[in-house]
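> Chain B: place on chain A using the hints.
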Amino acid sequence: MAAIKVHGYHASTLTVMVLCCLNEKEVEYELVLVDLPTGAHKKPEYLALNPFGVVPTIQDGDLTLYESRAIIRYLAKKFQGQGTNFLGSTLSEEALVYQWCEVEGQSFNPPAFSICTQILIVPMRGGSTDEAAVEMNVEKLEKVLDIYEERLSKSKYLAGDFFSLADLQHLPCTHYLVNACGKGDLISSRKHVNAWWEDISSRPTWKINFT
Amino acid sequence: LVMAVIKLHGHPISTATAMVLCCLNEKEVEYDFALVELSAGAHKQPQYLALNPFGVVPTIQDGDLTLFESRAIVKYLAKKYKGQGADLLGNTLAEQALVEQWCEVEGHSFFPPASTILFQTVLRPLRGGTTDEAVVEINIGKLNKVLDIYEERLSKSKYLAGDFFSLADLQHLPWTQYLVTACKKGDLISSRKHVNAWWEDISSR
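Line order of the protein sequences matches chains A and B. All residue numbers for the first sequence refer to the UniProt record's numbering, where the first residue is 1 and numbers rise by one. All residue numbers for the second sequence refer to the UniProt record's numbering, where the first residue is 1 and numbers rise by one.
Among these hints, one or two may not hold up.
To be verified - Have a look at the derived ranges for each label pair, beta carbon to beta carbon:
#: 1; chain 1: A; residue 1: Glu-150; chain 2: B; residue 2: Thr-130; range: 21 to 29 angstroms
#: 2; chain 1: A; residue 1: Val-27; chain 2: B; residue 2: Lys-184; range: 21 to 29 angstroms
#: 3; chain 1: A; residue 1: Lys-207; chain 2: B; residue 2: Thr-130; range: 46 to 54 angstroms
#: 4; chain 1: A; residue 1: Glu-45; chain 2: B; residue 2: Gly-83; range: 38 to 46 angstroms
#: 5; chain 1: A; residue 1: Leu-120; chain 2: B; residue 2: Gly-83; range: 42 to 50 angstroms
#: 6; chain 1: A; residue 1: Lys-156; chain 2: B; residue 2: Thr-181; range: 43 to 51 angstroms
#: 7; chain 1: A; residue 1: Ala-2; chain 2: B; residue 2: Gly-63; range: 36 to 44 angstroms
#: 8; chain 1: B; residue 1: Val-135; chain 2: A; residue 2: Asp-35; range: 29 to 37 angstroms
#: 9; chain 1: B; residue 1: Gly-83; chain 2: A; residue 2: Glu-150; range: 31 to 39 angstroms
#: 10; chain 1: B; residue 1: Ser-191; chain 2: A; residue 2: Glu-150; range: 34 to 42 angstroms
#: 11; chain 1: A; residue 1: Pro-110; chain 2: B; residue 2: Ala-4; range: 33 to 41 angstroms
Just so you know, these hints were derived from the structure itself, not from any lab. No experiment lies behind these values; they were computed from the predicted model shown. Note that the Cβ used here is the ideal one computed from N, Cα and C, for glycine as well.
Extracted from the complex, chain A is given alone in its bound form:
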């Protein structure tokens, strides 16, 4: 059986999230480097796999799949019997996993990603950080994290008492916020969010990518 091929870049946190998922599910894979700095993701060869020209994309037999959140969902289902159970045990638990996955995608990620873009990517491309934009997005993120604080005061992980896809989806962006953008106080100032972050970010399958 051919190993799953992951087309990605080692410094892309979305690629790392997929690798983390594969490790949690104890699934073998092959990492095929897509050299972002040389624009490999915009070349015809890669666009044939993923017309949106972003990483990662996976190949599993005949299936070519992109969108990291869809990839981890596929892996969680296909390998439901082994490794970490990311989906819960009942239809209701699974529904809550998807609910908090959507919260990550629609409420957490937009402001968090904007902050990372302004602080890290804009200067890299020769521009200067728009502090007003950072301020505005920090405010939005604070409101979201207040809701997380309330939730995590009643529940060990976002969807329930089990580590799920919803928690996994938060690893990439929060990693950058805390370790590269100097916004760790957003997390550390909230008791339960902090405990949750300490827990999920110290999972060996995540940590190993940064040593």
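Only chain B this time, still in chain A's reference frame:
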């Protein structure tokens, strides 16, 4: 034993509520509609926030389960009622994965520029503000790039995930409806042969 009917808290004017209503109808599922009076700020009152701390519509209650985020709601309904109505998920693991992929494309590549255009061209003026044409221009540019990719995809596939109508197509209905009507950006759709055929098809269900 009386089975409780699904309760949908929402507002007809909300696109996200419209998407859940569409899904309930496709799955032939009965529901009770509980109006959340947005103009009166009902969605920000403690009673509603207890259901959905994000203070947005819709939210559903199904027995003990309270669920928000419209894309999670339709996924739950599609799974729970897999045996009835339209199958919105696909039959094989691979088909289901492609449904998820195109759902994510809708959520992260289509929805952001589409909703910004709606906000700028319709909602802002309604609230006494003025349209920021530069922002509209930028987002039309983004949407054009995304729709070019859709055009290529739909030239090879009847629907986004394959030859079956799925959640991925359903998720596009409310926003595209607004783009074509209230925002007067129908040319984005009609100028693309396969996107247009797909839109004609899914919007006439």
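> Are the hints correct? Go through all of them and say.
We went through each hint and held it up to the structure:
1. A:Glu-150 x B:Thr-130: 21 to 29 angstroms: Violated, at about 37 angstroms.
2. A:Val-27 x B:Lys-184: 21 to 29 angstroms: violated, 48 angstroms
3. A:Lys-207 x B:Thr-130: 46 to 54 angstroms: Given a distance of about 50 angstroms, which is inside 46 to 54 angstroms, the answer is holds.
4. A:Glu-45 x B:Gly-83: 38 to 46 angstroms: The hint (38 to 46 angstroms, Cβ to Cβ) holds, given that A:Glu-45 and B:Gly-83 are roughly 42 angstroms apart.
5. A:Leu-120 x B:Gly-83: 42 to 50 angstroms: holds, 48 angstroms
6. A:Lys-156 x B:Thr-181: 43 to 51 angstroms: Given range 43 to 51 angstroms: holds, Cβ gap about 46 angstroms.
7. A:Ala-2 x B:Gly-63: 36 to 44 angstroms: About 43 angstroms separates the Cβ atoms of A:Ala-2 and B:Gly-63, which means 36 to 44 angstroms holds.
8. B:Val-135 x A:Asp-35: 29 to 37 angstroms: Given a distance of about 34 angstroms, which is inside 29 to 37 angstroms, the answer is holds.
9. B:Gly-83 x A:Glu-150: 31 to 39 angstroms: holds, 37 angstroms
10. B:Ser-191 x A:Glu-150: 34 to 42 angstroms: violated, 47 angstroms
11. A:Pro-110 x B:Ala-4: 33 to 41 angstroms: Cβ of A:Pro-110 to Cβ of B:Ala-4: about 35 angstroms, so the range 33 to 41 angstroms holds.
Checked against the numbered hints listed earlier, the structure breaks hints 1, 2, 10; every other hint is satisfied.
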